[in-house]
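Protein chains in written order, with the numbering used here: chain R, 121 to 386; chain X, 252 to 534; chain V, 165 to 444.
Please keep in mind that the hints were generated in silico from the structure rather than gathered at the bench.
Values in this document were obtained by computation on a predicted structure and should not be read as measured data.
Treat the hints with care, as some may be off.
Capping the alpha-carbon separation at 25 Å, the derived lysine-lysine pairs in BS3-like fashion look like this [said to hold, decoys possible]: (1) X:430 x X:391; (2) R:296 x V:439; (3) R:299 x V:310.
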Amino acid sequence: MLRDITLGQYYQTNSLLHRLDPRVKIMGTLVYIISLFLFRNLFVYLVVLGCLVSMIKLSKVPFSFMVRGLQPVMMILFLTVICNLLFTKGTVVYSVWLITITREGIELAFYMTVRFIMLIIGSTLMTLTTTPTQLTDGLESVLSPLNKIKVPVHEVAMMMSIALRFIPILMEEADKIMKAQLSRGADFETGNIFHRVKGMLPILVPLFISAFKRADDLAMAMDARCYRGGEGRSKMRPLIYKNVDRRAYMVMIIYLIIIVAVGVFV
Amino acid sequence: MIKIKNLVHEYIRRDENDEVTDITKAIDDVNIEVEKGQFVAILGHNGSGKSTLAKHINALLYPGEGSVMVDGKDTRNTENIWEIRQSAGMVFQNPDNQIIATVVEEDVGFGPENLGVAPEEIWQRVENSLKSVGMWKYRKDSPNKLSGGQKQRVAIAGIMAMHPKCIILDEATAMLDPKGRLEVMESVKKLNEVEKITVLHITHYMEEVIYADHVIVMDQGKVVMEGSPREIFSRVEELGRLHLEVPKITRLAYELQKEGVPLKNGILTEEEFIKELKSAGVV
Amino acid sequence: MRMIVDHISYTYKENKKPTIQDVSFEIKEKEILTIIGQTGSGKSTLIQQMNGLLRPDTGTIYYHGKDVFDKDYHLRDLRSKVGLVFQYPEYQLFESDVFSDVCFGPKNQGMSKKQAELKAFAALRMVGVPEELFYVSPFELSGGQKRRVAIAGVLAMEPEILILDEPAAGLDPQGRKELLSMLVKLKEEKNMSIVLVSHSMDDVAEYAERVMVLRDGKIAYLDTPKNVFSHKEELEAMGLSVPQITHLMYSVRAAGGMVDVNCHTIAEAKEAILKLYGRG
Numbered sequence: 121m122l123r124d125i126t127l128g129q130y131y132q133t134n135s136l137l138h139r140l141d142p143r144v145k146i147m148g149t150l151v152y153i154i155s156l157f158l159f160r161n162l163f164v165y166l167v168v169l170g171c172l173v174s175m176i177k178l179s180k181v182p183f184s185f186m187v188r189g190l191q192p193v194m195m196i197l198f199l200t201v202i203c204n205l206l207f208t209k210g211t212v213v214y215s216v217w218l219i220t221i222t223r224e225g226i227e228l229a230f231y232m233t234v235r236f237i238m239l240i241i242g243s244t245l246m247t248l249t250t251t252p253t254q255l256t257d258g259l260e261s262v263l264s265p266l267n268k269i270k271v272p273v274h275e276v277a278m279m280m281s282i283a284l285r286f287i288p289i290l291m292e293e294a295d296k297i298m299k300a301q302l303s304r305g306a307d308f309e310t311g312n313i314f315h316r317v318k319g320m321l322p323i324l325v326p327l328f329i330s331a332f333k334r335a336d337d338l339a340m341a342m343d344a345r346c347y348r349g350g351e352g353r354s355k356m357r358p359l360i361y362k363n364v365d366r367r368a369y370m371v372m373i374i375y376l377i378i379i380v381a382v383g384v385f386v
Numbered sequence: 252m253i254k255i256k257n258l259v260h261e262y263i264r265r266d267e268n269d270e271v272t273d274i275t276k277a278i279d280d281v282n283i284e285v286e287k288g289q290f291v292a293i294l295g296h297n298g299s300g301k302s303t304l305a306k307h308i309n310a311l312l313y314p315g316e317g318s319v320m321v322d323g324k325d326t327r328n329t330e331n332i333w334e335i336r337q338s339a340g341m342v343f344q345n346p347d348n349q350i351i352a353t354v355v356e357e358d359v360g361f362g363p364e365n366l367g368v369a370p371e372e373i374w375q376r377v378e379n380s381l382k383s384v385g386m387w388k389y390r391k392d393s394p395n396k397l398s399g400g401q402k403q404r405v406a407i408a409g410i411m412a413m414h415p416k417c418i419i420l421d422e423a424t425a426m427l428d429p430k431g432r433l434e435v436m437e438s439v440k441k442l443n444e445v446e447k448i449t450v451l452h453i454t455h456y457m458e459e460v461i462y463a464d465h466v467i468v469m470d471q472g473k474v475v476m477e478g479s480p481r482e483i484f485s486r487v488e489e490l491g492r493l494h495l496e497v498p499k500i501t502r503l504a505y506e507l508q509k510e511g512v513p514l515k516n517g518i519l520t521e522e523e524f525i526k527e528l529k530s531a532g533v534v
Numbered sequence: 165m166r167m168i169v170d171h172i173s174y175t176y177k178e179n180k181k182p183t184i185q186d187v188s189f190e191i192k193e194k195e196i197l198t199i200i201g202q203t204g205s206g207k208s209t210l211i212q213q214m215n216g217l218l219r220p221d222t223g224t225i226y227y228h229g230k231d232v233f234d235k236d237y238h239l240r241d242l243r244s245k246v247g248l249v250f251q252y253p254e255y256q257l258f259e260s261d262v263f264s265d266v267c268f269g270p271k272n273q274g275m276s277k278k279q280a281e282l283k284a285f286a287a288l289r290m291v292g293v294p295e296e297l298f299y300v301s302p303f304e305l306s307g308g309q310k311r312r313v314a315i316a317g318v319l320a321m322e323p324e325i326l327i328l329d330e331p332a333a334g335l336d337p338q339g340r341k342e343l344l345s346m347l348v349k350l351k352e353e354k355n356m357s358i359v360l361v362s363h364s365m366d367d368v369a370e371y372a373e374r375v376m377v378l379r380d381g382k383i384a385y386l387d388t389p390k391n392v393f394s395h396k397e398e399l400e401a402m403g404l405s406v407p408q409i410t411h412l413m414y415s416v417r418a419a420g421g422m423v424d425v426n427c428h429t430i431a432e433a434k435e436a437i438l439k440l441y442g443r444g
């Protein structure tokens, strides 16, 4: 059923990575992404790959789950590779008809692919080991300095967690409305683009109306439960750093130093 | 606990030029008093003003005329609203649209978090209130996987965790199947009896009124009947005129009375009915 | 026989256990058939198959003798003859006024504007929506009125079979009574077959000619309300119940009163109790 689709695809198990504070994991992912883009050096990538593999081992999440995160972006990856191969100028290594492939093009395409795949797998690892609630809590805390420049961090985090709850409900509702209109003889499949877009109205209009009604109801329910923004609110799971989290930050710093050292000297 | 005095609430419709086109009195000069620990049912067909009334008690609406006092606090005074909402918790009609979190226990913790309760105490409250409605074993589940009745019990637990003095059920059983309705009513009855929570149950299901010790019937924004369930249900014809229906057993007893069978007025339960048959010596 | 459901089974992709298991029955002309069963017993899956929204894994459905899942059969033809009203159907309204919304179905059937409007007019009349509401936005109506408009939207397609999932859910007693009597009227005046999914045993006892009890995707009983409600213990074991009045009669019997427990309505029970008093 549609209801069971969860965003963020959390994988339930007990590992060191699962137990880490979400802020550590968010910062860690950030450091990892930076390390990917600092140097274009094969040895750096070997170090990064080594770290990634050991993190995956630590997480106890089956490797197949990481690959799943790659599937939706395969098309984009493929297109960038093609573009890089065809449109990069430099020393020609191969040329036939209008197609010329350069040495620089191959290099660029290779690095792009490596960076891209490692980027996706790394961030998938974070969402696989962190529950959506932890993730929003963590983001709220990490981004809290932005409060000073009037960014409504708490509100954005609250919106994210409400979206997580209501997206499955609205998806199921869309399915139900579509079936209802189908049984009234609606046709969503034939005709040109214009027709099809117009044909979607009987689904979209009721869906929007229902979403607004739900938002209205929810706002009232939150009011009735004394919700008045982030101020004065406590947390049932306050984020507190433990020793293991401090050690994780140390590991991150050492990691960055090694990356820089390898990038500069090797 | 709740004191409503001469309350009037008008819905004003305006056209594009902001001219008033229509005024409907959703609540028209209502006086109600609810004692601590009471279980009060408010009956009425759709559009009788009963839901508007509920929103006044939770300070979600403010009186146009008259006043609403909840636990000694006036809803007109804006400084009081958070205390009023904490002491008079509200459960709404649609189970899906009042659960905020993606995990049951986190949703129950939402209210106490808003009140700034310390974490250890929140967990204690979450455990107690989930246990009090029999939902403790579902604490780690996603609300989407629960039935309607279970969702409403989670919503009630969410209110209980705020340590209210009074719970208002605003047609909270209207969207449930009979089984779900029974689950919810039994949880609420237990809270009323064990935790001494004042309950204000707004409904159009007559069978649920038997749980109450006081019944208020509303029609067109006015209180038209008031009394114990038995007193109310002995007025079968009058209820019929208000488009309400007495429970089937009460109706049967009433029909038998009309045939000259000596039965007491306003029979509500099977036990009472059989007791009457026994005292007449026919069973 | 308008519709014959022939040994259908269905399993949702993500489930292992079949939701519908080897179900066969038929729908007669001019009858009210109610379907009861606990949540998860397969009711909503079954009615979606009868409307061609879901295709059974095995078995098939015949409508007037034709296999509706045959590749030459157009499911849209089936859907215009077998109307399906979902639970809370008011959530499917989308047009800017009541009348155009009801015209949506007939227009999809390929009718001219004029024809569609005639059908819409007749359907709105049938469900008792007053003319002064025809051109207001459906979103300004009361809950009960919206429900009627949504049902009119299906009726305007002039179905022979009308399937409704809990059509009275959330309505007050008055609205509930009006809606159910409307269904009886449709059956009587338009010779329609009504298939009603219901949770209220009292409504089943009062309105149904046949009752189907679903348990774990199989038909447990398919019989007259009288016969079905004589299985009180079995029904209660399934998480279902008997009508309130029947329950009372069982209790009277248990207390030693020799009454016929097969009473489902107030009128029947009245006669039975009067007999106890040596009258009637």
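Status of each hint after checking the structure:
Between residue 430 of chain X and residue 391 of chain X the CA atoms are separated by roughly 23 Å; this keeps the pair inside 25 Å, and the hint holds. The hinted pair formed by residue 296 of chain R and residue 439 of chain V fails the criterion: a straight-line CA distance of about 51 Å is larger than 25 Å. At roughly 19 Å between alpha-carbon atoms, residue 299 of chain R and residue 310 of chain V fall within 25 Å of each other, so this suggested pair holds.
The structure shown violates just one earlier hint, number 2.
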